[in-house]
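Assemble chain B onto chain A, guided by the hints.
Number of protein chains: 2
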Amino acid sequence: MSRRIVLAAAQLGPIQLADDRKVAVDRMLALLADANRRGAEFVVFPELALTTFFPRWWQDDKAWADRFFETAMPSNETAPLFEAARRYRIGFHLGYGELTPEGRHFNTAILVSPAGEIFLKYRKIHLPGHDDHRPQRKVQNLEKRYFEVGDLGFPVIRAPMGKLDGANFGTMICNDRRWPEAWRVLGLQSVEVVALGYNTPAANTTNEGFEAHHLRVEHSHLSIRAGCYQNACYGVGTAKAGTEDGNEMFGHSIIVNPQGEIVAMADSWDDQLITHEADLESCTFGRTTIFNFAAHRRPEHYKRITDQVGAEPPPAWERG
Amino acid sequence: MSRRIVLAAAQLGPIQLADDRKVAVDRMLALLADANRRGAEFVVFPELALTTFFPRWWQDDKAWADRFFETAMPSNETAPLFEAARRYRIGFHLGYGELTPEGRHFNTAILVSPAGEIFLKYRKIHLPGHDDHRPQRKVQNLEKRYFEVGDLGFPVIRAPMGKLDGANFGTMICNDRRWPEAWRVLGLQSVEVVALGYNTPAANTTNEGFEAHHLRVEHSHLSIRAGCYQNACYGVGTAKAGTEDGNEMFGHSIIVNPQGEIVAMADSWDDQLITHEADLESCTFGRTTIFNFAAHRRPEHYKRITDQVGAEPPPAWERG
Numbered sequence: 001m002s003r004r005i006v007l008a009a010a011q012l013g014p015i016q017l018a019d020d021r022k023v024a025v026d027r028m029l030a031l032l033a034d035a036n037r038r039g040a041e042f043v044v045f046p047e048l049a050l051t052t053f054f055p056r057w058w059q060d061d062k063a064w065a066d067r068f069f070e071t072a073m074p075s076n077e078t079a080p081l082f083e084a085a086r087r088y089r090i091g092f093h094l095g096y097g098e099l100t101p102e103g104r105h106f107n108t109a110i111l112v113s114p115a116g117e118i119f120l121k122y123r124k125i126h127l128p129g130h131d132d133h134r135p136q137r138k139v140q141n142l143e144k145r146y147f148e149v150g151d152l153g154f155p156v157i158r159a160p161m162g163k164l165d166g167a168n169f170g171t172m173i174c175n176d177r178r179w180p181e182a183w184r185v186l187g188l189q190s191v192e193v194v195a196l197g198y199n200t201p202a203a204n205t206t207n208e209g210f211e212a213h214h215l216r217v218e219h220s221h222l223s224i225r226a227g228c229y230q231n232a233c234y235g236v237g238t239a240k241a242g243t244e245d246g247n248e249m250f251g252h253s254i255i256v257n258p259q260g261e262i263v264a265m266a267d268s269w270d271d272q273l274i275t276h277e278a279d280l281e282s283c284t285f286g287r288t289t290i291f292n293f294a295a296h297r298r299p300e301h302y303k304r305i306t307d308q309v310g311a312e313p314p315p316a317w318e319r320g
Numbered sequence: 321m322s323r324r325i326v327l328a329a330a331q332l333g334p335i336q337l338a339d340d341r342k343v344a345v346d347r348m349l350a351l352l353a354d355a356n357r358r359g360a361e362f363v364v365f366p367e368l369a370l371t372t373f374f375p376r377w378w379q380d381d382k383a384w385a386d387r388f389f390e391t392a393m394p395s396n397e398t399a400p401l402f403e404a405a406r407r408y409r410i411g412f413h414l415g416y417g418e419l420t421p422e423g424r425h426f427n428t429a430i431l432v433s434p435a436g437e438i439f440l441k442y443r444k445i446h447l448p449g450h451d452d453h454r455p456q457r458k459v460q461n462l463e464k465r466y467f468e469v470g471d472l473g474f475p476v477i478r479a480p481m482g483k484l485d486g487a488n489f490g491t492m493i494c495n496d497r498r499w500p501e502a503w504r505v506l507g508l509q510s511v512e513v514v515a516l517g518y519n520t521p522a523a524n525t526t527n528e529g530f531e532a533h534h535l536r537v538e539h540s541h542l543s544i545r546a547g548c549y550q551n552a553c554y555g556v557g558t559a560k561a562g563t564e565d566g567n568e569m570f571g572h573s574i575i576v577n578p579q580g581e582i583v584a585m586a587d588s589w590d591d592q593l594i595t596h597e598a599d600l601e602s603c604t605f606g607r608t609t610i611f612n613f614a615a616h617r618r619p620e621h622y623k624r625i626t627d628q629v630g631a632e633p634p635p636a637w638e639r640g
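Protein chains in written order, with this note's numbering: chain A, 1 to 320; chain B, 321 to 640.
Isolated chain A (complex conformation) (with noise of 0.2 Å):
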């Protein structure tokens, strides 16, 4: 029997700074109309949808950012997103950051019902970058500065979308993506769908080593492929694209299927919906064959992944 849901990457082209949040909203809301003439009904918007990526810019006043941050979701300017999803039965995902009343920051991530209802909020774990002021770097990435890790683990929930009475639902945002733990987490929880959203530069930022440009978004596609086809699910990659505040964001958005497969791919440098028809039944294969965790799995041998952080070296041979 097969259960079809038809999910649907929403690209966002560039935001600048000099941009407010009703520009990027109408946006979006121009993506859920296209979405709802396609028959999507699960739409995935990037990381920090709302804003431009503003982890690029030091300042010495770390409460510069706070101009960036939600402290409500809804909110005024947010509200016609809920709006739409009710008026056209689609749920949706999006990024944004989440100051909490307590004054906590998170690089956050919500899902959303059709009736426009919050199922699952996730605060991104996996913070790449850096916490202090780096001169030498062409672009700052300060995630670890505007940022606390998030404290709500990997969570999967089940929910009616589109057609379907339940489907599995769970989230992570850009560089949790290339960490085989944040999907295995997932796959022990049956995810079914990873909304997953982005804000990658196209060009190494650091100035630390050398790195073959061309392979950055190979990167990002070979570890979500890896990712769903290790854990027999959809994934839905939604990545910002063009240049923003002089920035080239790399696009290419995708969506992969359980075998690893991309089945659609965004072409452009601007706001672009991607779709696919996916029967959440193909998950059931690789789950009852060759990744039927119960069993395969030896966590047994697994111990290093939790007991230890950083790598170590090996020992060194000695002859006997």
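I should point out that these hints are in silico values taken from the structure, not numbers from a laboratory. Honestly, I wouldn't trust all of these hints.
[What the hints assert, rightly or not] So the derived list for chain A, only partly shown, Cβ under 7 Å to chain B, looks like this: (1) Tyr88; (2) Thr100; (3) Ile125; (4) His126; (5) Arg158; (6) Asn168; (7) Pro180; (8) Pro299; (9) Ala311.
Only a predicted model underlies this, so the values are computations on that prediction, with no experimental measurement involved. C-beta: ideal position from N, C-alpha, C; glycine also.
This is chain B only, laid out in the frame that chain A set:
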């Protein structure tokens, strides 16, 4: 400063049931002579390289399979490989069935130094297949019947090789390569070269569900490429190829660099040596930036990976 070593995968064509050890060893000696001629310093042979892939046969008497196991290593039959290693000053990786003095059976791999000394032993942990007779399958995969789960963990050892004072070697066998846990446990020990042999059939042998056969090689490559990228190491993946006792083995042995790129690939269905001059210094970029584990990993959020074996259903959303 570069740290160069010429790696090689020594793919084997089919080894038939009727072939004795001498047939296999003579072919491997020819490949070692090839390796010497082509400047290789470390050569990886496939899984269970000395015999046909015997777990494809059910026999009521399990002891039938003992003929495919080695009770000593080196043995009279395999000693010429160790002698060739010494003669050429080439290290190698060999997969074989190990029968211990206590009567235990393992799917084992050893790493041998250029002086012909065994410096690392690994026993396969992720045994695929089943332990019961499944007549509905096209071909049995009785690894869970003929082998015990490995009991040596995933060791990494630093050993001299080629012109290098030390390189960090680890190994995995066949199905292990699909499990990111195995790669990460090696990565957490700073592995630089993963030696990996396999015996994967080109066709699905299960009669369970539908599998697109054209993806089988792709899934192997995807897993190795992601493992190398996400752990900033080289991988040498060596297959059996061609029609072995009526079963097509999928070949396409590869060498992969720390960027996840395939830098050498076999294209024959027979014995074939592929080589690549690796610079182990190129492992440093990933390790010190995006995959600087100490800076970025968050084991407190990975607990399911070691606390849980099989997948669990997620909670259903309950409207607040």
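Given hint A:Pro180 near chain B, where the shortest CB pair must fall under 7 Å: holds (3 Å)
Hinted contact A:Ile125 with chain B - closest CB pair below 7 Å: holds (5 Å)
Hint status (Cβ of A:Arg158 to nearest Cβ of chain B, threshold 7 Å): holds (4 Å)
When the least beta-carbon distance from A:Thr100 to chain B is tested against 7 Å, hint result: Check failed: Cβ of A:Thr100 comes no nearer than 18 Å to chain B, outside 7 Å.
Interface hint outcome for A:Asn168 [beta carbon to chain B under 7 Å]: holds (5 Å)
Interface hint status, A:His126 versus chain B (Cβ within 7 Å): Given a least distance of 6 Å, the restraint on A:His126 holds.
Restraint outcome when A:Ala311 is required to lie within 7 Å of chain B by C-beta distance: holds (5 Å)
Chain B contact restraint on A:Pro299 - CB to CB distance below 7 Å: holds (5 Å)
Satisfaction of the A:Tyr88 interface hint, Cβ to chain B closer than 7 Å: violated (20 Å)
Of the numbered hints listed earlier, those contradicted by the structure are 1, 2.
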